[in-house]
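Participant: Residue strings, one per chain:
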Amino acid sequence: MNATTFTERYILAVTRAVPEKQRDDVAAELRASIADQIDARMEAGMPAADAEREVLLDLGAPDELAAGYADRPLHLVGPRYYLDWLRLLKLLLAVVLPCAAFGIALGQVLSGAEFGPVVGSTVSGVLSVGVHLAFWVTLIFVLLERYGARPPREETESWSLDGLPQPRETGATFGDMLSTLIFLALGAAAILWDLNLGFVPGENLSFLDPGLWPGWVTGLFVVMALEGALAVIVHVTGRWTVPLAVVNAVLGLAFAVPALWLLFDGALLNPAFFPTVVTSGDGAEVHQILSVIAGFGIVGVTLWDIIDAFRKARR
Amino acid sequence: MTDNEALETHLQELRRGTIVLACLRLLRHPGYGYGLLEELQGRGFDTDANTLYPLLRRLEKQGHLRSEWNTDEARPRKFYRTSAAGHRLAAALTDDFHAIAGAIAALPQED
Chain A
1 MNATTFTERY ILAVTRAVPE KQRDDVAAEL RASIADQIDA RMEAGMPAAD AEREVLLDLG
61 APDELAAGYA DRPLHLVGPR YYLDWLRLLK LLLAVVLPCA AFGIALGQVL SGAEFGPVVG
121 STVSGVLSVG VHLAFWVTLI FVLLERYGAR PPREETESWS LDGLPQPRET GATFGDMLST
181 LIFLALGAAA ILWDLNLGFV PGENLSFLDP GLWPGWVTGL FVVMALEGAL AVIVHVTGRW
241 TVPLAVVNAV LGLAFAVPAL WLLFDGALLN PAFFPTVVTS GDGAEVHQIL SVIAGFGIVG
301 VTLWDIIDAF RKARR
Chain B
1 MTDNEALETH LQELRRGTIV LACLRLLRHP GYGYGLLEEL QGRGFDTDAN TLYPLLRRLE
61 KQGHLRSEWN TDEARPRKFY RTSAAGHRLA AALTDDFHAI AGAIAALPQE D
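Protein chains in written order, with full-length UniProt numbering: chain A, 1 to 315; chain B, 1 to 111.
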């Protein structure tokens, strides 16, 4: 191994993290500085190889020096978003994983699977949902860390006392926005999955009426996209206001009224679903009961959502 | 963390700003990386090369230093010089340093 190799390898290791444009400049400067330091030691009587060794060891780990040169974050999620990321991820895992486990297990049991396969597919399903959740949530925050519009905290000059977080839930936090967006995305994914593949393994059977595709489903997606946009606006505004709550109510009704109308018209849920899944022959009755529960669910959730937004706007 | 490591960390934090100030004041005459390192050490500013080199680039990026490659000699070197903004920063930091020194002197004495 000859003498120049160590220096060049060291420079290479340092400049890896430096943006392309400045790489040659940093390398040239570092090369001159290292050569100066080696010369100084050789003038003091040290052999060339020892001098190079000592200079490079003194400069320390290349990664640390590289971190000093890099003017971009060398972390995935920094202090600006870490707490939001952690809170959202924990919350989503705590909510979605049990739901996924329950849903998968129920689907398997309903389709008449044995105990072993039920446990097997539940475990593997929950694992893959968890991995997806963690990946996509983290990816969003990584993108925000790099391309997010808000300046880093230490550079924020225009923060105000009014901007301090409220001790109560305002429903307009960063986490609120992201959880809304992610739930909407997961909901859309579930609907597409249901209509195209079905949730019952081995049966190409959707829970929702296949006749809803494409018109009604497209309409639903438009409403969901508007809800997502509303969540972003509420977050940017900083709190719920009465006009925003009115928009929320309109969107809620735009979802609930057609859904209820379709439900009582018998066109929302797939009439073939329960008779196929429930093999004892009571499928039609289960369908009836489930329709009533779904109706109350839609009314309850929508009303609560509308009232909650107004409650937050009035505070 | 041992006591010694803690001491090192605290000393490093205490010195960080003084090195910026020293660089800005020394570079009213153009200087390059290693030469500046020598001068800092000779003047009693205990500085590591791996702190100084990235620091010079950051100050340049902020507009407090200007730089120029000097290729007249056998070894091309990047020379830095304090900009007008850098001089204003140096003056402000010097004032603040005096204020801090005064405030520390007025603290209750350690036995």
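Everything labelled a hint here was simulated from the structure, so no lab data went into it.
All residues carry an ideal CB built from backbone N, CA and C; glycine is no exception.
Check each hint, because a few of them may be wrong.
[Stated by the list, open to error] Dumping the calculated SDA-like pairs for lysine to any residue here, alpha-carbon to alpha-carbon at most 25 Å: (1) A:Lys21 with B:Arg66; (2) A:Lys90 with A:Glu114; (3) B:Lys61 with A:Leu76; (4) B:Lys61 with A:Leu74; (5) B:Lys61 with A:Arg16; (6) B:Lys61 with A:Glu145; (7) A:Lys21 with B:Thr51; (8) B:Lys61 with A:Lys90; (9) A:Lys21 with B:Ala91; (10) B:Lys61 with A:Gly60; (11) B:Lys61 with A:Ala70; (12) B:Lys61 with A:Ala67; (13) B:Lys61 with A:Asp24.
[Said to hold, decoys possible] So the derived list for chain A, only partly shown, Cβ under 10 Å to chain B, looks like this: (14) Leu30; (15) Ala35; (16) Val55.
Participant: Could you work out which earlier hints the structure fails to respect and list their numbers in ascending sequence?
Facilitator: 2, 8, 9
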